[in-house]
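Following the hints, complete the assembly by docking chain B onto the known chain A.
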Amino acid sequence: MSDIANLKAGLIADIATADTLDALEALRVGAIGKNGVVTALLKTLGSMSPEERLEQGPPIQDLRESVTAALAERKAALEQAALDARLSSERIDMTLPADPGPQGSVHPVSQVMDELAEIFADLGFSVATGPEIEDDWHNFSALNIPETHPARAMHDTFYFPDAADGRKMLLRTHTSPVQIRTMTATPPPIRIIAPGRVYRSDSDATHTPMFHQIEGLVIDKGITLGHLKWTLETFLKAFFERDDIVLRLRPSYFPFTEPSVEVDVGYTLTNGQRVIGGDGDAPGGGWLEVLGSGMVNRRVIASCGLDPDEWQGFAFGTGVDRLAMLKYGMNDLRAFFDGDLRWLRHYGFSALDVPTLSGGVGA
Amino acid sequence: MKFTLSWLKTHLATDADLPTILKALTDIGLEVEGVENPAEKLGGFRIARVLTAERHPQADKLQVLTVDHGDGAPLQVVCGAPNARAGLVGVFGMEGAVVPVNGMVLKKTAIRGVESNGMMCSYRELELGEDHEGIIELAADALVGQAYAQWAGLNDPVIDVSVTPNRQDCMGVRGIARDLAAKGLGTLNAIVVPQVQGVGPGPDVRTDDPEGCPAFFARSVRGVTNGQSPEWMARRLKAIGQKPISTLVDITNYIMIDLGRPLHVYDMATLKGGLVARKGKPGEQVQALNGKTYTVDGTMTIIADDEAVHDIGGIMGGVHSGATEATTDVLIECAYFTPERIAITGQTLGLTSDARARFERGVDPAFLDDGLSIATDLVVKLCGGTPSEATRAGFPPALPKELSYLPSQCAELAGVFVSETEQKAILESLGFAVTGQNSIVEYEDGVPVAVEAGWTITVPTWRRDIDGWPDIVEEVVRMVGLEHVPSTPLPRAPGVAKPTATPEQLVERRVRRTAAARGLAEAINWSFLSEKEAAAVGGGDWTLANPISEDLKVMRPSLLPGLLSATRRNMDRGAASVRLFEIGRRYFADKERATVGFVLAGEKAPRSWQGGKAQPFTAFDAKAELIALLTAAGAPAANLQNFGEASAAYHPGQSGTLRLGPKVVLAEYGVLHPTLAKQFGLTGTVVAGEVFPDAIPGRRKAGSLRAPYAPPALQAVKRDFAFVVPDTLEADALVRAVKGADKKAIVDARLFDVFTGPGLEEGTKSLAIEVTLQPGEKSFAQEELDAISAAVVKAAEKLGGTLRG
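Protein chains in written order, with the numbering used here: chain A, 1 to 363; chain B, 1 to 805.
This is chain A alone, in the form it adopts within the complex (with noise of 0.2 Å):
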């Protein structure tokens, strides 16, 4: 064997084995250095004459090369390693925990009402809003409901003292006085949903002294009350997000419409839970009252200055508390107004669970 092939081999061999990024730096040094073996092979070559440079370059180049890449390889390798090592002291336990952030809510009846708004503007309904300090007027007188009516007795309605101008002022007690504000204030036709809190002078575990309320107008020409059925059942079938709702319309009595008639909806026993949907006839279902309703009565419409004899329309009002309590399963509608977190995270809904038509009203 040539002393060049030796020096390669040598050389080669002490650079598999260099075991540190120093040691290897000092073969590098040592071989391709400045002043190196194989540097100083190379430099032979400049005085050589052509026919030795032909015979003995080739294999002086071959040793660098060589060198060279088992230098890069041995360093790629050690670099490795070092990396490994490294990475591996640096090994944490992930089991540990992370941060969760705090988790936020919408309450269920902001849910609900976003949900009835998403529904009934595809049905063309916009949303209306009044105050909730009322006068008699709007509260009942004009919605034909008489100074004798047991509604307007103090155990029902919660009363401020008279105003300046002599108005009796009260909480409104629900939320029809919308109808009788957006019939004197927009020209027909109007389409309006109106939803807010309410207060009656009530408490027990399904009654408290505040709870919302969502109603619903129609005023136009030719409205009957096969419109109110229709859009009654559209709603209802949306919200529940069931085409099994079954609806029972009873006549009823409000002072407000003429004809009245109440909704219920059918439900099923599934797991001692009711379950909206099916007929409420049907052996273990049962019908729960969801809805008054009526055709608008031609007192009230008059009462707003339009004329019965050209304007029609349907009215109804619903609890939305209630709408919730039904599609959402709560039973304790005092829960609702208590602001336990605990209640709210369970209950509640993430601020992404937009109602939308396209992904759903329900969340």
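Careful, some of the hints might be misleading.
[As the list claims (entries may be wrong)] List of simulated lysine to aspartate or glutamate pairs, EDC-like, C-alpha gap at most 16 Å:
{"hint": "1", "chain 1": "A", "residue 1": "K221", "chain 2": "B", "residue 2": "E645"}
{"hint": "2", "chain 1": "B", "residue 1": "K279", "chain 2": "B", "residue 2": "D354"}
{"hint": "3", "chain 1": "B", "residue 1": "K623", "chain 2": "B", "residue 2": "E592"}
{"hint": "4", "chain 1": "B", "residue 1": "K23", "chain 2": "A", "residue 2": "D22"}
{"hint": "5", "chain 1": "B", "residue 1": "K613", "chain 2": "A", "residue 2": "D99"}
{"hint": "6", "chain 1": "B", "residue 1": "K604", "chain 2": "A", "residue 2": "D281"}
{"hint": "7", "chain 1": "B", "residue 1": "K798", "chain 2": "B", "residue 2": "D732"}
{"hint": "8", "chain 1": "B", "residue 1": "K23", "chain 2": "A", "residue 2": "D99"}
{"hint": "9", "chain 1": "B", "residue 1": "K23", "chain 2": "A", "residue 2": "D264"}
{"hint": "10", "chain 1": "B", "residue 1": "K498", "chain 2": "A", "residue 2": "D122"}
{"hint": "11", "chain 1": "A", "residue 1": "K75", "chain 2": "A", "residue 2": "D22"}
[What the hints assert, rightly or not] For each label pair, taking beta carbons as the anchor points, the in silico distance ranges come out as:
{"hint": "12", "chain 1": "B", "residue 1": "V717", "chain 2": "A", "residue 2": "R91", "range": "38 to 44 Å"}
{"hint": "13", "chain 1": "B", "residue 1": "R124", "chain 2": "A", "residue 2": "N331", "range": "31 to 37 Å"}
{"hint": "14", "chain 1": "B", "residue 1": "D720", "chain 2": "A", "residue 2": "D22", "range": "38 to 44 Å"}
{"hint": "15", "chain 1": "A", "residue 1": "D243", "chain 2": "B", "residue 2": "R573", "range": "50 to 56 Å"}
{"hint": "16", "chain 1": "B", "residue 1": "P499", "chain 2": "A", "residue 2": "E90", "range": "52 to 58 Å"}
{"hint": "17", "chain 1": "A", "residue 1": "A13", "chain 2": "B", "residue 2": "D720", "range": "55 to 61 Å"}
{"hint": "18", "chain 1": "A", "residue 1": "A13", "chain 2": "B", "residue 2": "V717", "range": "52 to 58 Å"}
{"hint": "19", "chain 1": "B", "residue 1": "K744", "chain 2": "A", "residue 2": "R91", "range": "51 to 57 Å"}
{"hint": "20", "chain 1": "A", "residue 1": "G284", "chain 2": "B", "residue 2": "E115", "range": "37 to 43 Å"}
Rather than coming from a laboratory, the hints here were simulated on the basis of the structure. Note that the Cβ used here is the ideal one computed from N, Cα and C, for glycine as well.
Leaving out everything else, chain B in the frame of chain A:
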């Protein structure tokens, strides 16, 4: 309103079964609230005879009976009743029967070592009365082996319907029967009014209050014997929960429930002089039949004799003149009281009664004579005695109403076509009289022309609620059935549904979901507060005259008290960290203001392996929420100015307001004032804020196009400056001054360090600001950068700042 099936069938001839009747009731607006057949729970109880009764070998108070229950060999029964004896016919509960009073299932058992097969029962055990002295004793000829319920006439379902306030006529069984007949469930039996042959003049009654009591009819019956009611009457009254009292009283109750006609009977021996219906006099009192004493006033109609008030007219009689077992001469009152007056009197006195419920809805004003005759006849038949002639004081408002009606109005309002023939039939079966032709076709010059019928409808006197054509439509539709009203789609505007939310609603939605996304939970708190809570946040403008409790009395002027109370409740339940918000109104004398409130209390971050100790909230957490919410609400965040002068709810030195200009307050926030925190039982730092979205100026809708924009080609340059300033200088002022030093080049200035302490003079602080410079077409030259720096330093110097070396 309760009645039994057999009672209903006294007025309605029908083959319909119970489920059909129940469905029909609900369908016509008489919602069935419950139905119960007392016989069902008495399934395992039959009539049995005690054959032998021997003392129990192991117990003094027990007997061992053998009982013949009509089926197979006599059974041995252990019984503790003192009246158990051989020969007694009673009610026997067989093995497997469920005792109604306690739900116990009877089974073969041993009592003190003696086998017992069933139970002889008391009335209380069967929930048929309070009697528990001993076991039931039936007539000796009762058929042994027969089901007891059948024998006792208890196999009669009790139906409870809810009668709407407009339907006085259905406050009597007959009215309900009439409605069912009109629905097609049978025929209404004719009512036979007896002819009462009165002897002698009627009693001395009159009305001095024609407004409250327009008519006061009465008869007397002398020589009556007032005992227990006949079994049929007592059974029906008992079945619907009316306790039988005495024949005379029961007759009035029976007729009230049967025919919707309230009556009152007076013991004539207790009356001094004649009876007069008049207005009460201030201070007059009457002890009513419920045992309570009521003080009447000059607006109320009462019935009095020469000495005392005996009746709160149309609502409740008095104790002292009521009929008793000793009554021999009775005065029967059949009067008409004005509904509105009854309602107000009842409300004022807080007194409800079956009579009030009927009079305030308006009883049939044409039924006084008949009602009085029926009552008198029953009294004579059941109690004997001699009736007088009737006295008829005043006139009931019994003029029949007439309405014009077009049969086409049914389809017009209800959307359902009902033939004229059917409409007429329905109305007539409800007691309306219809005159006028049906629509006809006439030929004018050979051309057919429809001539629409115009009807005149006479409203029956018992239907006070009917006063317009829509009522007629309602009657027709009610009987046809709402299920026949065709579901008719509302006309739909062409195209995709248009947005309907108002700007205020959009703001509310964005704020709500922003807050929830930032980790706050939405609460809904009462709109009313206690006076003390309201006073703590400045006092409310609206105080309820009749609050449900002192805690819910004043309309809130701030959302904070409700949130703080909720925070407190959560803390009491062990919550370590509370982040709550509410969107609702505050109530002021002139308006209701939409408001967003939030409270952050407890731990901002819990203790953790990374962060160490739990972190409390600071005022700047409130500020961060506030700015996020304001931004969501569409407020121009960059233009918001920091001001002090937050309300007294906050720590005066750690609170502030955000405004647009000095006057428009958009929000306030800060650390809660320790006094307020203490009032709500909160410890530790509590921070809070309120946003007033209605103060945010509305943005004009500019269409969907944005202002044109392309990101600058050259990179922004950052330079840091530190200034020593008087420590009274507000950082915001310095930042604004720096930012304004070169409006073109400086696009942002951000304070990143505040330092006081060693190396700085007393009364000064160092504020460090990172300034972002945005080059335009070409990079900044050194001279330009120097000039900008000089301008920044100059701006700071104007505020007393010096560049820190």
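Hints, one by one, checked against the model:
Under the criterion of a C-alpha separation no larger than 16 Å, the hint pairing A/K221 with B/E645 is inconsistent with the structure, at around 55 Å. Between B/K279 and B/D354, the direct Cα distance comes to roughly 22 Å. Violation of the 16 Å bound is thereby established for this hinted pair. Under the criterion of a C-alpha separation no larger than 16 Å, the hint pairing B/K623 with B/E592 is inconsistent with the structure, at around 25 Å. Restraint check for B/K23 and A/D22: not satisfied, since their Cα atoms lie roughly 99 Å apart, outside the 16 Å limit.
In summary, the hint linking B/K613 to A/D99 is supported, as the alpha carbons are separated by about 14 Å, within the 16 Å threshold. A C-alpha spacing of about 53 Å is found between B/K604 and A/D281, which places the hinted pair above 16 Å, so the restraint is violated. Proximity of B/K798 to B/D732 is assessed by CA-CA distance (about 14 Å); at most 16 Å being required, the pair is judged to hold. Taking the CA atoms of B/K23 and A/D99, the gap is near 59 Å; set against the 16 Å cutoff, the hint is violated.
For the given pair, B/K23 sits about 14 Å from A/D264 by alpha-carbon distance, which is consistent with the 16 Å threshold. Our distance criterion of 16 Å between C-alpha atoms is met by B/K498 and A/D122, whose separation comes to about 8 Å. As the CA atoms of A/K75 and A/D22 are separated by approximately 10 Å, the hinted pair is consistent with the 16 Å bound. Between B/V717 and A/R91 the Cβ separation comes to about 41 Å, which falls inside the hinted range of 38 to 44 Å.
Between B/R124 and A/N331 the beta carbons are some 34 Å apart, a value that agrees with the proposed interval 31 to 37 Å. Between B/D720 and A/D22 the CB atoms are about 41 Å apart, so this pair conforms to the stated range of 38 to 44 Å. Between A/D243 and B/R573 the beta carbon distance is about 41 Å. The supplied range of 50 to 56 Å is therefore violated. Restraint check, B/P499 to A/E90: a C-beta distance of roughly 54 Å satisfies the suggested window 52 to 58 Å.
For A/A13 and B/D720, the hinted distance range of 55 to 61 Å is satisfied, since their beta carbons lie about 56 Å from each other. Between A/A13 and B/V717 the CB atoms are about 56 Å apart, so this pair conforms to the stated range of 52 to 58 Å. In this structure the hint that B/K744 and A/R91 lie 51 to 57 Å apart at CB holds, the actual value being about 52 Å. Taken as a hint, the range 37 to 43 Å holds for the pair A/G284 and B/E115, whose Cβ atoms sit roughly 41 Å apart.
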